[in-house]
Amino acid sequence: WLSTRRAHEMATIVDVTGCSSAPDLLLLPLSLNFRKAQAYYNDVDGTSLSGNDPKLQEQVTQGLALCEAALQQVTAQSIFSQNELVDDLNTGDLRFLLLPLYRGELLLRVTDQSRREALLGEALACLRGFLDDLMRLEVLPREVARSLEAQSEGAGPTDLATLRDLKVARFRANKINKARMEVLAGRLRRAGQTEEEEEDGEEIEREHMLLLIGCCTHTALDSIRAAE
1 WLSTRRAHEM
11 ATIVDVTGCS
21 SAPDLLLLPL
31 SLNFRKAQAY
41 YNDVDGTSLS
51 GNDPKLQEQV
61 TQGLALCEAA
71 LQQVTAQSIF
81 SQNELVDDLN
91 TGDLRFLLLP
101 LYRGELLLRV
111 TDQSRREALL
121 GEALACLRGF
131 LDDLMRLEVL
141 PREVARSLEA
151 QSEGAGPTDL
161 ATLRDLKVAR
171 FRANKINKAR
181 MEVLAGRLRR
191 AGQTEEEEED
201 GEEIEREHML
211 LLIGCCTHTA
221 LDSIRAAE
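Numbering (UniProt numbering), first residue to last: 1 to 228.
None of these hints come from the bench; they were simulated from the model.
In this text, a Cβ means the ideal position worked out from N, Cα and C, and glycines have one as well.
Warning: the hint list may mix true and false statements.
SDA-like, lysine to any residue: derived pairs with alpha carbons at most 20 angstroms apart [stated by the list, open to error]: (1) K178 with E202; (2) K175 with G46; (3) K36 with M209; (4) K167 with Q151; (5) K55 with D112; (6) K167 with D112; (7) K178 with D222; (8) K175 with R146; (9) K178 with R142; (10) K175 with T219; (11) K167 with V110; (12) K175 with S223; (13) K167 with V139; (14) K178 with V139; (15) K36 with V110; (16) K36 with E58; (17) K167 with E205; (18) K178 with G46.
Derived CB-CB ranges, DEER-like [said to hold, decoys possible]: (19) E58 with S81: 19 to 25 angstroms; (20) G186 with L160: 36 to 42 angstroms; (21) G121 with D87: 19 to 25 angstroms; (22) L27 with A179: 38 to 44 angstroms; (23) L120 with A185: 31 to 37 angstroms; (24) D53 with R146: 33 to 39 angstroms; (25) V168 with T91: 28 to 34 angstroms; (26) L27 with R146: 42 to 48 angstroms; (27) S81 with A169: 29 to 35 angstroms; (28) A179 with Q82: 33 to 39 angstroms.
Hey, can you work out the whole structure from these sequences and the hints?
Below, the structure written as structure tokens:
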């Protein structure tokens, strides 16, 4: 899995050895490390703290340590392979596709100015790797793929107008996806209450996760454009 391997190789850019749990993270289950990494990412993403706040920076460090441990575990356990498409992936493994995104977004929150250029370069590599993985798996949303293509072709006056139109299209698609996710989340909470809902549980979970991944592609694309 290319982006995971790349993120693993670059894991030394942020010193997480000071994190009290870092030495033991690889001994924990991958699923647990992922859930914790996701929780830290969500906390950082939704924070009202200033970027330089020590508490926020500690959350960033903890989140990065968990992301890096989980990425190493994904590679060691061969969760993904290069010849797979999204339909070949287990529903429970889809969430691990988000790890490069989480790592890239957390790297953008690190405030160490002495390493700013290196951190930015690595964050962009993670975010682009996330999108590359989805393109390879043939699950990258069409509007995101079109935005990437337009962005890579230059930014003349016509291109800027096209990018604006594509951004509006992405916003509308994202809004529809989030509304659908709310419906599916409600069905997941009720899963198991009836035989029919229990049978549909995995299908609902899979659709919900693919929609979440799709929403995260917009986050990645916006972060790439802002950072470049």
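Going through the hints against the structure:
no. : hint                               : verdict
1   : K178 with E202                     : holds (19 angstroms)
2   : K175 with G46                      : holds (18 angstroms)
3   : K36 with M209                      : holds (17 angstroms)
4   : K167 with Q151                     : holds (11 angstroms)
5   : K55 with D112                      : holds (15 angstroms)
6   : K167 with D112                     : violated (31 angstroms)
7   : K178 with D222                     : holds (17 angstroms)
8   : K175 with R146                     : holds (18 angstroms)
9   : K178 with R142                     : holds (17 angstroms)
10  : K175 with T219                     : holds (13 angstroms)
11  : K167 with V110                     : violated (27 angstroms)
12  : K175 with S223                     : holds (18 angstroms)
13  : K167 with V139                     : holds (19 angstroms)
14  : K178 with V139                     : holds (17 angstroms)
15  : K36 with V110                      : holds (19 angstroms)
16  : K36 with E58                       : holds (14 angstroms)
17  : K167 with E205                     : violated (28 angstroms)
18  : K178 with G46                      : holds (16 angstroms)
19  : E58 with S81: 19 to 25 angstroms   : violated (36 angstroms)
20  : G186 with L160: 36 to 42 angstroms : holds (40 angstroms)
21  : G121 with D87: 19 to 25 angstroms  : violated (34 angstroms)
22  : L27 with A179: 38 to 44 angstroms  : holds (40 angstroms)
23  : L120 with A185: 31 to 37 angstroms : holds (34 angstroms)
24  : D53 with R146: 33 to 39 angstroms  : holds (38 angstroms)
25  : V168 with T91: 28 to 34 angstroms  : holds (32 angstroms)
26  : L27 with R146: 42 to 48 angstroms  : holds (44 angstroms)
27  : S81 with A169: 29 to 35 angstroms  : holds (33 angstroms)
28  : A179 with Q82: 33 to 39 angstroms  : holds (34 angstroms)
Hint check: violations occur at hints 6, 11, 17, 19 and 21; the rest are consistent with the structure.
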